[in-house]
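Peer 1: Residues per chain, in single letters:
There are 2 protein chains.
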Amino acid sequence: MRTLNVDLGARAYPIHIGRGLLERPDLILPKLRARKVAVVTNETVGPLYLERLCAGLRLENLEVVGVVLPDGEAHKNWQTLNLIFDALLREHCERATTLIALGGGVVGDMSGFAAASYQRGIDYIQIPTTLLAQVDSSVGGKTAINHPLGKNMIGAFHQPRLVLADTETLSTLPARELSAGLAEVIKYGLIRDAGFFAWLERNIDALRALEPEALGWAIEQSCRHKAEIVAADETERGMRALLNLGHTFGHAIETGLGYGQWLHGEGVAAGTMMAAELSRRMGWLGEEDLARIERLFARAGLPVTGPALGVPRYLELMAHDKKVEAGKLRFVLLRGIGQAVVTDEAAMDDVAVAIEAREKS
Amino acid sequence: MRTLNVDLGARAYPIHIGRGLLERPDLILPKLRARKVAVVTNETVGPLYLERLCAGLRLENLEVVGVVLPDGEAHKNWQTLNLIFDALLREHCERATTLIALGGGVVGDMSGFAAASYQRGIDYIQIPTTLLAQVDSSVGGKTAINHPLGKNMIGAFHQPRLVLADTETLSTLPARELSAGLAEVIKYGLIRDAGFFAWLERNIDALRALEPEALGWAIEQSCRHKAEIVAADETERGMRALLNLGHTFGHAIETGLGYGQWLHGEGVAAGTMMAAELSRRMGWLGEEDLARIERLFARAGLPVTGPALGVPRYLELMAHDKKVEAGKLRFVLLRGIGQAVVTDEAAMDDVAVAIEAREKS
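Keeping their order, the protein sequence lines are chains Y and S.
Sequential numbering of the first sequence, starting at 10, is according to this note's numbering.
Sequential numbering of the second sequence, starting at 10, is according to this note's numbering.
Think of the hints as simulated: they come from the structure by calculation, not from any bench.
Please note that the accuracy of each hint is not assured.
[Said to hold, decoys possible] List time: in silico DSBU-like cross-link candidates among lysine-lysine, alpha-carbon distance up to 35 Å:
no., chain 1, residue 1, chain 2, residue 2
1, Y, Lys160, S, Lys45
2, Y, Lys45, Y, Lys160
3, Y, Lys160, S, Lys160
4, S, Lys160, S, Lys369
5, S, Lys160, Y, Lys40
6, S, Lys45, S, Lys160
7, Y, Lys160, Y, Lys369
8, S, Lys40, S, Lys160
9, Y, Lys40, Y, Lys160
10, Y, Lys45, S, Lys160
11, S, Lys40, Y, Lys160
Produce the complete structure using the sequences and hints provided.
Peer 2: Okay, structure coming up:
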């Protein structure tokens, strides 16, 4: 088992990574404020892992409330969030109850927001069961639900007390979702670690084959990078914005197609190619580096072009994005592999040409 | 104009109290991060004061988005909260937009929670227009909506950047609501200031007649007491619990009758009489002090007995209250006028007898 500490002062918490952590209630017990937990999962993950987790907790004489939500981004809304509140209130969960999120990013984001707002805030623990959630959405305290007019528009910053990333749960993950998670792993190399990017070029096949050593290392490095960034900038005013590499374009893709058509990581991969293309056109990124990025995404099983929405639609969708400040489009671009920067210097003409070059023809 | 500072370190904010503050955009401008504000009000307060506030803001070249909600505690729910989010998104409000709550406690609580969770947190300003909101719900950062199974069950701690208490707005407040606000004013005397309680005994008629000097002083003292308590204990683990004097019984009354039958302050007054009665039965409060409290509530136009729900129903409702920890009922009781304490020493027999003694026969 590998352990990282996310250093946030009074709200610091550990991330444990390893095989079989679902069956380690001893890691959970010291974090509880009462002998009652509510485990939130969904209809896909529940049948696979809920009982395994709950059995261990019950053996420790904990009272366990299970909440099973419908699966999918389409359900990341008020109605589903209310199912959690309904269960917590029906089962008389008090302020000292800890909520455990067992599932992917959607379960984590919704459970986190439920924990942030139930009785104005209760503790929660994340047990992410997808690669994407393990390397990204379980770290950093961002919680949210979607609104018909925008993704993740309603939420809170709420740090978990503990994250358990059980790599065994990836064995039941569809290949497409594994690839989507790899998009975020590759992102960390692109943002700030050229050495890790080169390591990924050598090990991408091992990762897709779920080779345990490679997987553990990739998750640890990704979490370390994100944890360092989050610790330095908890509320997203500066460095943390770098994590949004590919996301301005990516959100436009996800929204333009309707939530759930493309996976988040797929949107990020194609969006990152647009950001890289824009970086090249601004003279910031070399041809060869652009080609290396495209090759790695392709080998990871990810799209390297966006859907053909048309440039005007892309621009319109991006103007709705919450990373707009004072009406100006801010982008995260690359000044090389391992070196991302936030800028508002991109000319709209270049943005349009970059989108066009990376739209599916 | 009187000004108090709520000392919360990086989140400190001023409370201004005085006549005509609605028409003082100069107090608001320095607190804004962008030239756009969204003003949330309701169908009762809107026609009286919305245009007066907005006209001043527009003269300062601010873009102003107005959001008018249905009035009443019955609307303090998801559906109404979503009306705020719908408007913010439809009008492209960004993270730097400031939300202004113009209205009573319900508008303040909902707007505050909307501000806490819109894009994971934007700034907000409170302009409370009821006495209750001016002395209580606009101070302390508590925001929430109700759930069918309990009051204020979903919310956040989110501090305003500024509070403007315009005492002129009380001229349009129904007498019954003025009395309900006085219940909270009296509460501060009971909790920690015997001198203020005695001042209230001398000035209760002036307050009911909206005599400006008396009103200003009473609001300032109430806000000062609450601000001191909140500054010492922002997240309600210790001293802040004293503010809940009368609330455990009071919430039971409000829930038992169905939200909106009794005003919050009315529930608090009758609930405080039950707490005082229990204190007397435990030998903590003298007969004469109990009589003084009853007299002052009555002169303020408040109920001094609870509705006849029956003791078992009261106990059942209190067991659902969120101030239950580990299944034990905690109460705020009085060891004299001006001296409230939190205790779990009350015997259930005494609780039952106190309720019975203070139920309407």
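Peer 1: Each hint should be assessed against the structure and marked as holding or not.
Peer 2: Verification of the hints:
1. Y:Lys160 with S:Lys45: holds (22 Å)
2. Y:Lys45 with Y:Lys160: holds (32 Å)
3. Y:Lys160 with S:Lys160: At roughly 29 Å apart (the allowed maximum being 35 Å), Lys160 (chain S) and Lys160 (chain Y) satisfy the hint.
4. S:Lys160 with S:Lys369: holds (24 Å)
5. S:Lys160 with Y:Lys40: holds (28 Å)
6. S:Lys45 with S:Lys160: Within the cut-off at roughly 32 Å; holds.
7. Y:Lys160 with Y:Lys369: Measuring from Cα to Cα gives roughly 23 Å; hence the hint holds.
8. S:Lys40 with S:Lys160: holds (31 Å)
9. Y:Lys40 with Y:Lys160: Measuring from Cα to Cα gives roughly 31 Å; hence the hint holds.
10. Y:Lys45 with S:Lys160: holds (22 Å)
11. S:Lys40 with Y:Lys160: holds (28 Å)
In summary, the structure agrees with every hint in the numbered list given earlier.
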